[in-house]
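Can you join these two chains into the complex? Each is in its own frame, and there are hints to help.
Residue numbers (this note's numbering), protein chains in the order written: chain A, 1 to 268; chain B, 1 to 315.
Note that these hints are calculated values from the structure, not bench results.
There could be a bad hint or two in this list.
[Said to hold, decoys possible] Taking beta-carbon pairs under 7 Å as the criterion, some of the chain A residues facing chain B (in silico):
| # | residue |
| --- | --- |
| 1 | T6 |
| 2 | I20 |
| 3 | G21 |
| 4 | Y24 |
| 5 | L58 |
| 6 | C231 |
| 7 | G234 |
| 8 | F237 |
| 9 | W256 |
| 10 | F261 |
[Claimed, not checked] Mimicking DSBU-like on lysine-lysine, the simulated pairs with C-alpha atoms at most 30 Å apart in a straight line are:
| # | chain 1 | residue 1 | chain 2 | residue 2 |
| --- | --- | --- | --- | --- |
| 11 | A | K264 | B | K135 |
| 12 | B | K135 | B | K233 |
| 13 | B | K233 | B | K30 |
| 14 | B | K74 | A | K241 |
| 15 | B | K74 | A | K264 |
| 16 | A | K133 | B | K30 |
| 17 | B | K233 | B | K202 |
Just so you know, even glycine gets a beta-carbon here, dropped at the ideal spot from N, CA and C.
Listed here are the chains, written in short residue letters.
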Amino acid sequence: MEWSPTVVAELAPIIANSAIGEEYRHLVVGCGGTALKARPGQFFQLLCPSSGGEQPFLRRPMSVYAADPIQGSLEFFYKVSGRGTRGLASLKVGDVLDVMGPLGAGFTLPATLRHIVVVGRGAGLATLAPLAKEASAQAISVTAILSARRPDHLFSARLFQSHGAEIIALTDQESTSGPANVERILRRLILEGRCDALYTCGSSRLLRVQQRLAREFDIPGQVAMEQQMACGLGLCFCCVKEFNVGGKIVHRRVCWEGPVFDMKEALP
Amino acid sequence: VTNLSVQVGGLSLSNPVMPASGTFAEGLHKAIDFDRLGAFVTKTITRELRAGNPLPRVVESAGGLINSIGIPSKGVAHFLENTLANFAQFAPPLVVSISAPTAEEFAKLAADVTQPGVAAIEANISCPNIEEDGKAFAMRAESTAAVVRHLRAATSLPLWVKLTPNTGDMPEVGRAAEEAGADALVVANTILAMAIDLQTFKPCLGNVMGGLSGPAIKPIVLRQVYQCSRAVKIPVIGCGGISNTEDAVEYMLAGASAVQVGTATFVQPAAMISIIDGLNEFCRRREIANVSDLTGAVINEESDDPDLAWVAPPQ
Chain A
1 MEWSPTVVAE
11 LAPIIANSAI
21 GEEYRHLVVG
31 CGGTALKARP
41 GQFFQLLCPS
51 SGGEQPFLRR
61 PMSVYAADPI
71 QGSLEFFYKV
81 SGRGTRGLAS
91 LKVGDVLDVM
101 GPLGAGFTLP
111 ATLRHIVVVG
121 RGAGLATLAP
131 LAKEASAQAI
141 SVTAILSARR
151 PDHLFSARLF
161 QSHGAEIIAL
171 TDQESTSGPA
181 NVERILRRLI
191 LEGRCDALYT
201 CGSSRLLRVQ
211 QRLAREFDIP
221 GQVAMEQQMA
231 CGLGLCFCCV
241 KEFNVGGKIV
251 HRRVCWEGPV
261 FDMKEALP
Chain B
1 VTNLSVQVGG
11 LSLSNPVMPA
21 SGTFAEGLHK
31 AIDFDRLGAF
41 VTKTITRELR
51 AGNPLPRVVE
61 SAGGLINSIG
71 IPSKGVAHFL
81 ENTLANFAQF
91 APPLVVSISA
101 PTAEEFAKLA
111 ADVTQPGVAA
121 IEANISCPNI
131 EEDGKAFAMR
141 AESTAAVVRH
151 LRAATSLPLW
161 VKLTPNTGDM
171 PEVGRAAEEA
181 GADALVVANT
191 ILAMAIDLQT
201 FKPCLGNVMG
211 GLSGPAIKPI
221 VLRQVYQCSR
231 AVKIPVIGCG
241 GISNTEDAVE
251 YMLAGASAVQ
261 VGTATFVQPA
271 AMISIIDGLN
281 EFCRRREIAN
291 VSDLTGAVIN
301 EESDDPDLAW
311 VAPPQ
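One chain only, chain B, in its complex shape (with noise of 0.2 Å):
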């Protein structure tokens, strides 16, 4: 039998797969067994009530789709007093996803979300950061290290920081992250994409531009997690176009030490299931005791100094 559990981040997970944050709610519990994930992830929270993007809110693209749903929230008090009674009986470790615009604020609804139930803390820095002309936190490591200080400051739950492909940086970002205190990273966020309709010239999302998702940006970000994971020494979770077994274990060979699936679950609500049990059926036909094992075991002859493994590949 292979030992599924995995340590990420403060918390120790019966298996290595969860849902990506904003693809996960109360309704998936008619098609799949929630007991059977590794942990939970829930939609971001923001202080405030907010309505959401103007619609369409996602419109297909080849191997994936754009999304600009714009974070609609009940707002945290809705959050404490409704979804985290629903999750308490449930076996997996919740994770909360927050996001805020500022700095103060995140650290705020840190504070507020450290409640009994809360397994850890997940911060979207890839939203806007108002005090830098909406830019994300996690586009440069400055401001990455500067929220993730006041986070760490509002909180003793593990945090996760959630990182954005959108940066040239990332690996520099991750460390940032990892020095400012976070306990893991979440790699990644959507990639920053756009639509047009021919028949009507418009753009097909209503916020114009919105964030690409699914198989079709696997490759890039299985390479974010390989560059990253060799930056930091904290646990990388992979996240990004993970769809079946297969891809779970290229993004654990990579470096992750634990999965998201996302729009996966979109397709296929029990995407999730199938790969828990086709990675244990993976190991069990390769003699792989531990899935932890696989944990960055590729294998890169050119790459044994790290300081190598993230720069330029030569021109």
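This is chain A alone, in the form it adopts within the complex (with noise of 0.2 Å):
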């Protein structure tokens, strides 16, 4: 049997890599097949550009935002917060960026689902984003409560709203986001039979809740998670966190057995 390689490092040319606000980042690069093949909820690992100190080591991990196969393009979204994201900002289209991936496994839409609830916040809701393509492919609604500080900040609404999905939005600057609010928002929609899994990423106090009602409920759900790399393969074992399983406490890598978990299993 031939082998044949299914995650790739790449020298991927920068088409786009403008600012979204104050502090979010829109990156587009141009990529090859095996690159456009990421499903949602996986991630790249990026040979981040120096910022005028020092070249990071190590890659740094980012979940996509979009994969277009039809226009070749790799799109992500990220926060200017280390040495790594501010390499990246100082990326000019024409410039290259070493990509490498797609890594980890994805989210899981089974197809006898009809109604799936996103929770995201902040950063998390760039990793949620390809949810709302994947979903409006296979006919499932969407309802989106997307949360973060302020109004400006939630940049996937309109990408989910172009999908079809219904958005609820909330943020700090409105005092909506708090856990309770939250809460309340999700037991009408499991009342209404409108939420067959749940599908979240960016705020432990947000999973609490879901795992709380996920548990009541007997809902599926998942869980996108974060945690610093190295590798991106499995291989070195850095990125690990503990997952209860069956009572029991295991140890996984993020990089390898995720970053998508089972919600119940995750402890935030």
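Below you can see the structure in the form of structure tokens.
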């Protein structure tokens, strides 16, 4: 049997790298076919350029915001927060970025689902964004509970909307983003029969609310988790997290067994 | 066409490039064709189940990284039942890295992994020896000789012994391993290091100290390969910061018969394949028929006497 790679490191030309509000940026690069097979919830390891100082030695994991095999483009949404993302922010159209992926186990959307609820906060909104397109392709209806500090940080709202999702926007500024309010909204959706499964990323507090409801109503759910990584391929065991599997604590590699995990087993 | 094959410590390899222990697992098969490698080297196996060290387990450093993973291990039974079968489908020989806290435990583990499908044992004697206050076996010649003797008696497989760069006596330790029956030396493991977070004033690693690897350590370990290869007759496998073809050639010139690539794979998953292709190209360009001709080919007119080669340079 002829071997062929399913993970590739390639030099991807920058198509766009624009500021979205004060903290976030939207990066679009051109990629080959292997990279564009990325599934919702999968991630890439980016070899970030130096930003005036020392070159970051390791790659930085970044979840996929969109992968378009027709356009040949791969998109990321990131918050400029450290050495790696500052380097990313310096990339200009025409530069190249070494991207490696797609990596990890993404979200699963079983065909039996009719209505799903997506709960995201902050940068987690980017990780959940590809679910919008995937669900719409499978004729699964989506309610997207999107939470951020300010209304202008709800950057994937339009994307969810364009795929027909119902948007519930919650912000700290409007004091609507607290866990109690999210629980109230989720209970209503569950009682209305509009929550066959939960998908979440970006907030431990919101994860805890959903875990409680998932157990109470026996609803399946998945959470995308973050962790500092080195290799991205399950080789080095530096990105392990603890999970509760049937009352037993087990270690799993976020890069390899994840980054998407069973919501009920995650320890927020 | 260059002959890339090499003979290393009882094994015949199709090329001199293999992974360093702890940087290789099934997941890499997504990125590279395993059948192209010279050999496989497993993550270190222990008898018992080990959870590994507290997080963070890795911190970046200039030109490399410091890790303190702590050898998480699913134990020897899991290895024999699962890992061994997974690698049976591939052509390269499987080298099993093992570790234990005492010489006797080391020997028992070596006997247990002496199984069909295992081509050689790499004894990671850079780990703490609980009989010597946690000092690594490979820190001293005496403790190295003792553990290697036990290992030698316990297995008929080729025995590779992985040394620590943290000793000041590396050629001596290497000779002790050779005399006790080692078939090859792996030079070397990571260099003991640490880093402190200036925000929190806490150590960057959960385990406080860890091992430095990557390009930052290459010149140090290269020197140790040079010293060791002159001190022993058995082959030396170079391991320390090798990221590209030039690094691999340099290690072979210093005396390595083969090389292990570790940290570089974390940055470029196809690093080993690039190096294999690069060695072929380097030899072709320089009209070198066999890659093994590079081993020890460094030209150093001042050190014809091997006894002088490993003493400290004149002050």
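Each hint tested on the structure:
| no. | hint | in the structure |
| --- | --- | --- |
| 1 | T6 | holds, 5 Å |
| 2 | I20 | violated, 27 Å |
| 3 | G21 | violated, 26 Å |
| 4 | Y24 | violated, 23 Å |
| 5 | L58 | holds, 6 Å |
| 6 | C231 | holds, 4 Å |
| 7 | G234 | holds, 4 Å |
| 8 | F237 | holds, 5 Å |
| 9 | W256 | holds, 6 Å |
| 10 | F261 | violated, 17 Å |
| 11 | A:K264 to B:K135 | violated, 43 Å |
| 12 | B:K135 to B:K233 | holds, 27 Å |
| 13 | B:K233 to B:K30 | violated, 38 Å |
| 14 | B:K74 to A:K241 | holds, 16 Å |
| 15 | B:K74 to A:K264 | holds, 24 Å |
| 16 | A:K133 to B:K30 | holds, 26 Å |
| 17 | B:K233 to B:K202 | violated, 45 Å |
In this structure, the earlier hints numbered 2, 3, 4, 10, 11, 13 and 17 are contradicted, and the remaining ones agree with it.
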